[in-house]
Amino acid sequence: KNQVEQSPQSLIILEGKNCTLQCNYTVSPFSNLRWYKQDTGRGPVSLTIMTFSENTKSNGRYTATLDADTKQSSLHITASQLSDSASYICVVSVSSGTYKYIFGTGTRLKVLA
Amino acid sequence: EAGVAQSPRYKIIEKRQSVAFWCNPISGHATLYWYQQILGQGPKLLIQFQNNGVVDDSQLPKDRFSAERLKGVDSTLKIQPAKLEDSAVYLCASSLLDNYGYTFGSGTRLTVV
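From first to last, the protein sequence lines are chains A and B.
Residue numbers for the first sequence follow this note's numbering, so the first one is 30 and each next one is one higher.
Residue numbers for the second sequence follow this note's numbering, so the first one is 12 and each next one is one higher.
Hints are computed from structural coordinates only; laboratory data are not their basis.
All residues carry an ideal CB built from backbone N, CA and C; glycine is no exception.
Take the hints with a grain of salt, since some may be wrong.
PhoX-like cross-link-like pairs, simulated, lysine-lysine; straight-line CA separation at most 25 angstroms [stated by the list, open to error]:
| no. | chain 1 | residue 1 | chain 2 | residue 2 |
| --- | --- | --- | --- | --- |
| 1 | A | 139 | A | 86 |
| 2 | B | 22 | B | 73 |
| 3 | B | 73 | B | 89 |
| 4 | A | 129 | B | 55 |
| 5 | B | 26 | B | 73 |
| 6 | A | 139 | B | 55 |
| 7 | B | 55 | B | 22 |
| 8 | A | 129 | B | 73 |
| 9 | A | 100 | B | 55 |
| 10 | A | 129 | A | 100 |
| 11 | B | 89 | A | 129 |
| 12 | B | 82 | A | 129 |
| 13 | B | 55 | A | 30 |
| 14 | A | 129 | A | 86 |
Residues from chain A that face chain B, not an exhaustive set, calculated with beta carbons under 10 angstroms [stated by the list, open to error]:
| no. | residue |
| --- | --- |
| 15 | 63 |
| 16 | 69 |
| 17 | 75 |
| 18 | 120 |
| 19 | 127 |
| 20 | 130 |
Just a sample of chain B residues kept apart from chain A, beta carbon distances all over 10 angstroms, derived [claimed, not checked]:
| no. | residue |
| --- | --- |
| 21 | 30 |
| 22 | 40 |
| 23 | 73 |
| 24 | 81 |
| 25 | 89 |
| 26 | 91 |
| 27 | 92 |
| 28 | 124 |
Kindly generate the complete structure, drawing on both the sequences and the hints.
Here is the structure:
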């Protein structure tokens with residue numbers, strides 16, 4: 030069964046600190062992995078997208094890693110800001126005829142001043 | 012490039028009433044998705060269109076939900092009659108046939124009272 034699991038479920042950190050979010054997946058056949066940031070009540074906004082051959086991708090203070098062998102990904106946020114408070118969703122794409130997207134349940138991040 | 016447009020932004024209705032949501036995907040995107048996202052959960056795929064044909068509607072509650080994409084461009088999602096448990100954010104996303112450009116709209120927040 031295709032599954033995407035994220036941890037932790039929620040996280041509280043102080044402004045300026047770094048944090049790392051985890052995503053483990055059991056998906057086949059794998060196409061790509063995406064990280065999204067979602068503010069409450071808004072649509073998800075793409076942060077990074079990685080294919081099988083990529084193991085690191087950065088977008089400003091966000092750095093995603095992918096280990097296709099262990100089927101794990103992480104999202105590292107550097108020097109967190111109050112505006113980073115949001116849910117972060119890991120989405121894995123499956124290619125089997127048409128493309129399907131398997132969503133994790135997200136990590137809710139709260140950055141405190 | 013214009014993003015995925017959704018309207019209305021918010022909607023409050025009483026149970027047993029009907030409601031419709033509209034989505035205009037990014038120009039040239041053949042694939043369109045409707046998702047339901049209940050608070051605290053990841054998005055759940057309701058229906059996936061490829062041009063104006065349905066690719067996957069296995070999780071669409073067809074007794075009350077319907078969707079169409081008549082000219083292969085914009086799409087409407089309807090709920091009739093609404094139930095309290097339909098309260099959620101309804102997200103529309105679109106992508107090119109080859110999976111690239113997968114982008115979400117801002118969503119419609121539905122509250123059923």
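Problem set entry | Earlier hints that do not hold, by number | Hints that this structure does not satisfy do not exist here, as all of them hold.
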